[in-house]
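Peer 1: Letter by letter, the chains look like this.
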Amino acid sequence: MHSSPLATANQPAHENPALLHHFATEEQQKNAASLGMWVFLATEIMFFGGMFCAYLIYRYWYFGDFGAGSQSLSVPLGGTNTAVLICSSLTVALAVRAAQLGKPTTIVVCLILTMLLGLVFLGIKGIEYHDKFVEHHVPGASFNFPGHIPGHPDVPINQQHAQIFFSLYFIMTGLHALHMIVGVGLFAVITYYAMRKRYGPHYYTPVEMAGLYWHFVDIIWIYLFPLLYLIDRHK
Amino acid sequence: MLQNMPFWPARASTSANNVDALFIFLVVVSALMTALIFTMVIYFAVRYRKQAGRQAEQIEGSHALEITWSVIPFCVFMVFFAWGAYVYFRERTPPPNSAEVYTVAKQWMWKFEHIEGQREINELHVPVGRDVKMIMTSQDVIHSFFVPAFRVKQDVLPGRYTVAWFHPTKAGTYHLFCAEYCGTSHSGMIGSVVVMEPKDYEAWLTGGGNQPLAVTGERLFSELGCGTCHRTDTQGRGPNLVGVFGKPVLLEDGRTLTADENYIRESITDPSTKVVRGFKPVMPTFQGQISDEQLNALVAYVKSLGQAQSTQTGGKSMAAVTPETK
Amino acid sequence: MATAVVETGERETYLNREYGIKSWLLTVDHKRIALLYLASITLFFFIGGFFALLIRLELLTPAGDLVQADTYNKLFTMHGQVMVFFFLIPAVPAVLGNFLIPLMIGAKDLAFPRINLLSWYLYIIGGILMLYTILAGGVDTGWTFYTPLSTEFLNSHVITAGLAVFVAGFSSILTGLNFVVTTHRMRAPGMTWSRLPLFVWAHYATSIIQLLGTPVLAITLVLVVCERLFHLGIFNPSLGGDPLLFQHLFWFYSHPAVYIMILPGMGIISEIVCCFSRKRIFGYQAMAMALLGIAVVGFLVWAHHMFVAGISVYAAIIFSLLSYFVAVPSAIKVFNWTATMYKGSITYQTPMLYAFGFVGLFTIGGLTGLFLASLGVDIHVTDTYFVVAHFHYIMVGGMVMAYLAGMHFWWPKISGRMYPEGWGRLAALIVFLGFNLTFFPQFILGYMGMPRRYWDYSRAPEFQILNVLSTAGATILAVGYLLPMVYFLWSMRYGKPAPDNPWNAAGLEWTAPSPPTTFNFDQQPVVSWEAYNYDEIKQEVPVAQ
Numbered sequence: 002m003h004s005s006p007l008a009t010a011n012q013p014a015h016e017n018p019a020l021l022h023h024f025a026t027e028e029q030q031k032n033a034a035s036l037g038m039w040v041f042l043a044t045e046i047m048f049f050g051g052m053f054c055a056y057l058i059y060r061y062w063y064f065g066d067f068g069a070g071s072q073s074l075s076v077p078l079g080g081t082n083t084a085v086l087i088c089s090s091l092t093v094a095l096a097v098r099a100a101q102l103g104k105p106t107t108i109v110v111c112l113i114l115t116m117l118l119g120l121v122f123l124g125i126k127g128i129e130y131h132d133k134f135v136e137h138h139v140p141g142a143s144f145n146f147p148g149h150i151p152g153h154p155d156v157p158i159n160q161q162h163a164q165i166f167f168s169l170y171f172i173m174t175g176l177h178a179l180h181m182i183v184g185v186g187l188f189a190v191i192t193y194y195a196m197r198k199r200y201g202p203h204y205y206t207p208v209e210m211a212g213l214y215w216h217f218v219d220i221i222w223i224y225l226f227p228l229l230y231l232i233d234r235h236k
Numbered sequence: 204m205l206q207n208m209p210f211w212p213a214r215a216s217t218s219a220n221n222v223d224a225l226f227i228f229l230v231v232v233s234a235l236m237t238a239l240i241f242t243m244v245i246y247f248a249v250r251y252r253k254q255a256g257r258q259a260e261q262i263e264g265s266h267a268l269e270i271t272w273s274v275i276p277f278c279v280f281m282v283f284f285a286w287g288a289y290v291y292f293r294e295r296t297p298p299p300n301s302a303e304v305y306t307v308a309k310q311w312m313w314k315f316e317h318i319e320g321q322r323e324i325n326e327l328h329v330p331v332g333r334d335v336k337m338i339m340t341s342q343d344v345i346h347s348f349f350v351p352a353f354r355v356k357q358d359v360l361p362g363r364y365t366v367a368w369f370h371p372t373k374a375g376t377y378h379l380f381c382a383e384y385c386g387t388s389h390s391g392m393i394g395s396v397v398v399m400e401p402k403d404y405e406a407w408l409t410g411g412g413n414q415p416l417a418v419t420g421e422r423l424f425s426e427l428g429c430g431t432c433h434r435t436d437t438q439g440r441g442p443n444l445v446g447v448f449g450k451p452v453l454l455e456d457g458r459t460l461t462a463d464e465n466y467i468r469e470s471i472t473d474p475s476t477k478v479v480r481g482f483k484p485v486m487p488t489f490q491g492q493i494s495d496e497q498l499n500a501l502v503a504y505v506k507s508l509g510q511a512q513s514t515q516t517g518g519k520s521m522a523a524v525t526p527e528t529k
Numbered sequence: 431m432a433t434a435v436v437e438t439g440e441r442e443t444y445l446n447r448e449y450g451i452k453s454w455l456l457t458v459d460h461k462r463i464a465l466l467y468l469a470s471i472t473l474f475f476f477i478g479g480f481f482a483l484l485i486r487l488e489l490l491t492p493a494g495d496l497v498q499a500d501t502y503n504k505l506f507t508m509h510g511q512v513m514v515f516f517f518l519i520p521a522v523p524a525v526l527g528n529f530l531i532p533l534m535i536g537a538k539d540l541a542f543p544r545i546n547l548l549s550w551y552l553y554i555i556g557g558i559l560m561l562y563t564i565l566a567g568g569v570d571t572g573w574t575f576y577t578p579l580s581t582e583f584l585n586s587h588v589i590t591a592g593l594a595v596f597v598a599g600f601s602s603i604l605t606g607l608n609f610v611v612t613t614h615r616m617r618a619p620g621m622t623w624s625r626l627p628l629f630v631w632a633h634y635a636t637s638i639i640q641l642l643g644t645p646v647l648a649i650t651l652v653l654v655v656c657e658r659l660f661h662l663g664i665f666n667p668s669l670g671g672d673p674l675l676f677q678h679l680f681w682f683y684s685h686p687a688v689y690i691m692i693l694p695g696m697g698i699i700s701e702i703v704c705c706f707s708r709k710r711i712f713g714y715q716a717m718a719m720a721l722l723g724i725a726v727v728g729f730l731v732w733a734h735h736m737f738v739a740g741i742s743v744y745a746a747i748i749f750s751l752l753s754y755f756v757a758v759p760s761a762i763k764v765f766n767w768t769a770t771m772y773k774g775s776i777t778y779q780t781p782m783l784y785a786f787g788f789v790g791l792f793t794i795g796g797l798t799g800l801f802l803a804s805l806g807v808d809i810h811v812t813d814t815y816f817v818v819a820h821f822h823y824i825m826v827g828g829m830v831m832a833y834l835a836g837m838h839f840w841w842p843k844i845s846g847r848m849y850p851e852g853w854g855r856l857a858a859l860i861v862f863l864g865f866n867l868t869f870f871p872q873f874i875l876g877y878m879g880m881p882r883r884y885w886d887y888s889r890a891p892e893f894q895i896l897n898v899l900s901t902a903g904a905t906i907l908a909v910g911y912l913l914p915m916v917y918f919l920w921s922m923r924y925g926k927p928a929p930d931n932p933w934n935a936a937g938l939e940w941t942a943p944s945p946p947t948t949f950n951f952d953q954q955p956v957v958s959w960e961a962y963n964y965d966e967i968k969q970e971v972p973v974a975q
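Chains as they are written, first to last, in this note's numbering: chain A, 2 to 236; chain B, 204 to 529; chain C, 431 to 975.
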């Protein structure tokens with residue numbers, strides 16, 4: 002009689018059903034998960050890094066046009082989003098803390114708050130994208146970005162350079178938003194299990210790992226925001 | 204020596220000698236190294252094959268050996284590097300007063316325009332014994348100008364100039380290949396370089412009655428109204444271009460750069476990026492309004508402004524050099 | 431020692447524990463996943479090889495008379511993409527690495543078995559996208575996707591090809607992640623870092639490259655796909671972009687990628703040379719450090735693919751210098767393998783024959799890399815068949831031979847059967863001869879000036895004789911590759927059953943039965959001996975059956 006290959010068959014029963022069969026101890030499993038998530042985040046740094054590299058190069062070459070593009074973004078909306086994300090990192094840290102302290106209801110509340118804040122961020126992003134669409138700042142056939150370079154009223158904006166700014170803007174914030182959607186989805190699953198009281202001081206690795214991921218997504222935004230929104234604002 | 208060796212490319216330029224010397228050195232050293240490793244492996248495999256009564260001898264390692272066979276190869280590698288860098292530096296530094304040929308590569312042909320005005324497609328005539336500088340751009344994708352007999356290769360990029368130079372030493376006809384994959388007829392983008400004795404080259408040059416490139420450029424300069432701002436008599440809205448080529452230029456943002464072909468080209472296609480200090484960025488862009496060939500003519504014309512000699516050809520001509528002109 | 435049996439009365443192994451397609455497609459056993467990979471990469475190897483054969487047939491004559499130009503361009507593109515992304519990068523790590531690493535370190539499985547399975551599914555999805563690209567008409571950008579050709583000027587299936595590689599890249603990243611965490615966290619008691627087999631060190635170093643490099647390719651492909659879909663100008667000069675930026679981003683991954691391809695092979699060779707010389711590796715520490723050194727310095731040399739691309743002279747000089755730095759650890763490894771044979775007790779089983787071949791051919795391939803790193807020579811030989819010969823010496827003469835060496839060496843462990851030794855040696859010889867005949871003439875062709883990716887060379891018929899030799903070699907090579915396919919399959923049914931340790935080799939994997947049980951070890955091993963303890967293993971390699 003053989004059970005499904007995904008089950009922990011043929012092994013002595015553990016007190017903690019969350020311990021997987023190939024780990025000797027819970028500590029080993031937790032350490033493995035932790036190292037795995039940090040390594041994964043390193044790969045994400047390289048992933049976003051390629052885009053940051055392209056952005057920095059073009060910003061150096063086309064500084065004026067990028068400044069103009071930057072000024073067309075909404076600092077109030079972007080700033081609000083920054084605050085929203087930072088708060089959501091707080092709530093997820095509180096969720097981890099609640100797990101460590103054995104407060105199952107608090108875990109659920111904090112996770113739900115995190116997701117809500119995440120959705121607020123995505124909603125505001127949607128508004129910003131909509132504005133860009135309406136103003137014809139989306140790269141493509143109908144792109145139109147009239148105006149002049151900040152500080153130089155007689156220098157018109159180079160449309161090609163401006164399109165590159167907006168291309169990078171949409172790709173960078175778009176991929177960031179995609180990562181946030183994945184994060185919200187992850188939290189939905191974890192909240193479900195938290196409601197079933199799966200997490201406590203004995204086991205809260207998924208909450209912590211998802212929290213790590215979420216902090217990382219937050220940090221990416223903390224770099225994106227000043228780089229994209231705050232160029233040349235004094236001009 | 205080494206001419207007409209089977210399986211060896213023709214040697215028709217000064218670079219060929221430099222590159223071949225380095226290559227042969229690399230071959231000899233590599234062959235020695237390969238022979239050494241092969242010999243040792245085969246010898247050990249036979250000498251130390253399993254034999255009754257003999258056990259393998261466990262040898263942990265040897266710091267001395269590790270260091271030795273790290274340092275010695277490293278020193279050899281540094282020779283490879285230094286010699287190679289020296290040859291490369293010379294190959295990428297066109298000598299001053301090189302004769303110039305403007306090249307426009309496109310899918311799938313080579314278009315050449317000599318300073319004197321001759322235009323050629325897929326065939327390039329050059330004389331023996333003169334430095335020739337190719338100023339190249341592409342109309343579409345990346346190509347690569349490759350003449351094996353000269354040991355010269357340079358990618359040709361859209362939107363900017365790249366430069367290659369050579370000094371032919373032997374008359375003959377040699378392959379010109381495109382060496383950067385560029386689409387369907389990449390392998391059809393083959394031409395020839397015809398190296399001629401100087402007398403024959405003179406004859407070829409004068410037959411045709413072409414207008415020198417810089418004269419074409421002068422005409423364009425006037426037609427496009429460049430002179431309205433780029434005046435030579437009083438301070439115009441644009442800088443005076445006489446003598447600007449090859450000189451340092453101070454830009455509005457404080458940087459200084461040399462006015463080379465790429466800067467002149469960029470000033471026409473994207474003028475507001477690198478504005479000269481003291482001038483306003485009011486020059487309109489001409490990108491999309493003039494062809495690469497017309498750009499080349501304008502660049503040649505600007506280069507010719509303020510040149511000290513009698514020739515109006517802008518940049519050096521490959522015609523026979525008389526002692527006065529230099 | 432427990433010997434569980436299955437219904438038929440045989441000893442229970444990972445192969446017969448469960449039958450049925452679901453038990454394979456939903457397995458989390460690293461050994462079964464390794465076999466899933468084996469089947470898929472073998473398929474892609476033969477697809478890529480078939481394209482190569484068509485290329486070589488076309489090049490028999492100067493005129494383009496076998497296929498049309500566009501078709502030929504698709505053939506070399508897809509040969510490159512399939513071979514690089516769907517064979518060379520995954521082969522050793524996903525087949526041998528997956529199978530052996532837990533066994534070698536005394537673990538029951540990798541750290542993340544379900545992610546391991548996900549890895550395979552991502553590979554399959556990428557593979558399906560690649561197959562779709564091939565069947566829907568192909569892609570002809572060259573495996574290097576240079577812009578603006580690929581973003582603006584071609585009408586082939588660039589987007590699906592880019593997506594295929596993108597998805598397969600995540601398979602690679604997750605494999606690397608699994609190996610790093612496994613090596614750090616899952617070693618048995620007593621299995622310290624300095625007792626690890628070099629095979630494990632090699633995969634660790636490879637994984638670092640996979641983790642840090644592949645994401646950059648991923649984002650580059652995203653940018654290319656977006657550029658094509660939305661007509662952006664990031665890499666297109668006519669829209670304000672820079673084609674050289676693409677090349678820098680592409681090669682930032684693709685150079686370290688070649689080390690992803692070769693380092694695991696080097697790990698295999700170390701295991702085999704030690705076993706068949708009955709000796710500990712010469713200079714264990716140097717070998718391990720060399721692996722890490724190659725991985726790290728390999729990230730610093732990418733622009734040596736761009737010496738004539740339009741970069742500045744000073745950048746070129748820096749990258750040339752760094753390229754020579756990365757050559758030193760590779761040289762050390764060749765010397766150390768040779769020194770390991772010194773005063774050994776050497777036998778010539780098939781794995782060792784492939785190892786001999788590897789050492790020789792990798793030496794030649796590596797030395798010709800020095801030619802390319804030398805700026806003055808590179809101007810002449812870059813983008814010619816010299817480069818093609820160089821990288822095939824490393825990847826085929828090196829990597830594929832190492833892969834075959836490893837497959838023969840561990841086949842008894844994987845399948846529980848011995849392959850036929852006589853046929854193995856014959857195939858090794860055929861591969862060696864066929865390989866050299868195929869690729870050595872290409873060095874000469876390259877120096878003569880034959881450019882890469884040429885469908886038709888009728889304007890330069892002097893290239894023909896060497897091309898004919900090369901094609902002749904390719905047909906011989908093809909035979910050499912088909913033979914193992916046939917006899918490995920044959921051996922699964924008719925091969926002699928293998929003992930636990932047919933080679934009397936050192937290493938924890940040989941203490942498990944052939945084939946192993948699902949959870950590898952009945953009791954967690956406790957290691958108290960150094961790697962390659964051939965001084966303690968007194969027996970020699972048994973005489974070939």
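Everything labelled a hint here was simulated from the structure, so no lab data went into it. Glycine included, C-beta positions come from ideal geometry on N, C-alpha and C. Where hints are given, some of them may not hold.
Quick list of in silico lysine-lysine cross-link-like pairs, DSSO-like style, CA-CA up to 30 Å [stated by the list, open to error]:
| id | chain 1 | residue 1 | chain 2 | residue 2 |
| --- | --- | --- | --- | --- |
| 1 | C | Lys-926 | C | Lys-968 |
| 2 | B | Lys-253 | C | Lys-452 |
| 3 | C | Lys-968 | B | Lys-253 |
| 4 | B | Lys-373 | B | Lys-402 |
| 5 | C | Lys-926 | B | Lys-253 |
| 6 | B | Lys-450 | B | Lys-483 |
| 7 | A | Lys-198 | A | Lys-31 |
| 8 | B | Lys-402 | B | Lys-314 |
| 9 | B | Lys-477 | B | Lys-450 |
Some chain B residues flagged as far from chain C (calculated, every beta-carbon gap over 10 Å) [unchecked claim]:
| id | residue |
| --- | --- |
| 10 | Pro-212 |
| 11 | Leu-229 |
| 12 | Ser-265 |
| 13 | Pro-298 |
| 14 | Gly-320 |
| 15 | Arg-322 |
| 16 | Asp-334 |
| 17 | Asp-343 |
| 18 | Lys-373 |
| 19 | Glu-426 |
| 20 | Val-452 |
| 21 | Thr-461 |
| 22 | Met-486 |
| 23 | Ile-493 |
Peer 1: Grab the minimum beta-carbon distance between Pro-212/B and chain C and tell me whether it stays above 10 Å.
Peer 2: violated, 5 Å
Peer 1: Was Asp-343/B rightly flagged as not at the interface, with every chain C Cβ beyond 10 Å?
Peer 2: Asp-343/B not clear of chain C: closest Cβ-Cβ about 6 Å, inside 10 Å.
Peer 1: Is the Cα-Cα distance between Lys-450/B and Lys-483/B 30 Å or less?
Peer 2: holds, 20 Å
Peer 1: Are the Cα positions of Lys-968/C and Lys-253/B separated by 30 Å at most?
Peer 2: holds, 13 Å
Peer 1: For the pair supplied as a hint, Lys-926/C and Lys-253/B, confirm whether the alpha-carbon distance does not exceed 30 Å.
Peer 2: Given pair Lys-926/C, Lys-253/B holds - Cα atoms ~24 Å apart, limit 30 Å.
Peer 1: Would Arg-322/B pass as off the interface with chain C, using Cβ distances and a cut of 10 Å?
Peer 2: Non-interface label stands for Arg-322/B: nearest chain C Cβ at 22 Å, farther than 10 Å.
Peer 1: Beyond 10 Å from every chain C Cβ: check whether that's true for Gly-320/B.
Peer 2: The claim stands: Gly-320/B keeps its Cβ more than 10 Å from every Cβ of chain C (closest is about 28 Å).
Peer 1: Please check whether the beta-carbon of Pro-298/B is more than 10 Å away from every beta-carbon in chain C.
Peer 2: Label holds. Min Cβ-Cβ 15 Å, cutoff 10 Å.
Peer 1: Would you check whether the claim that Val-452/B is not at the interface survives, using Cβ distances to chain C and the 10 Å cut-off?
Peer 2: The claim stands: Val-452/B keeps its Cβ more than 10 Å from every Cβ of chain C (closest is about 19 Å).
Peer 1: Assess, step by step, whether the Cα of Lys-253/B is no farther than 30 Å from the Cα of Lys-452/C, and give holds or violated.
Peer 2: violated, 47 Å
Peer 1: Determine whether the non-interface label on Leu-229/B survives the test: each CB of chain C must be over 10 Å from its CB.
Peer 2: violated, 5 Å
Peer 1: Minimum Cβ separation between Glu-426/B and chain C greater than 10 Å?
Peer 2: holds, 24 Å
The structure shown violates the earlier hints numbered 2, 10, 11, 12, 17.
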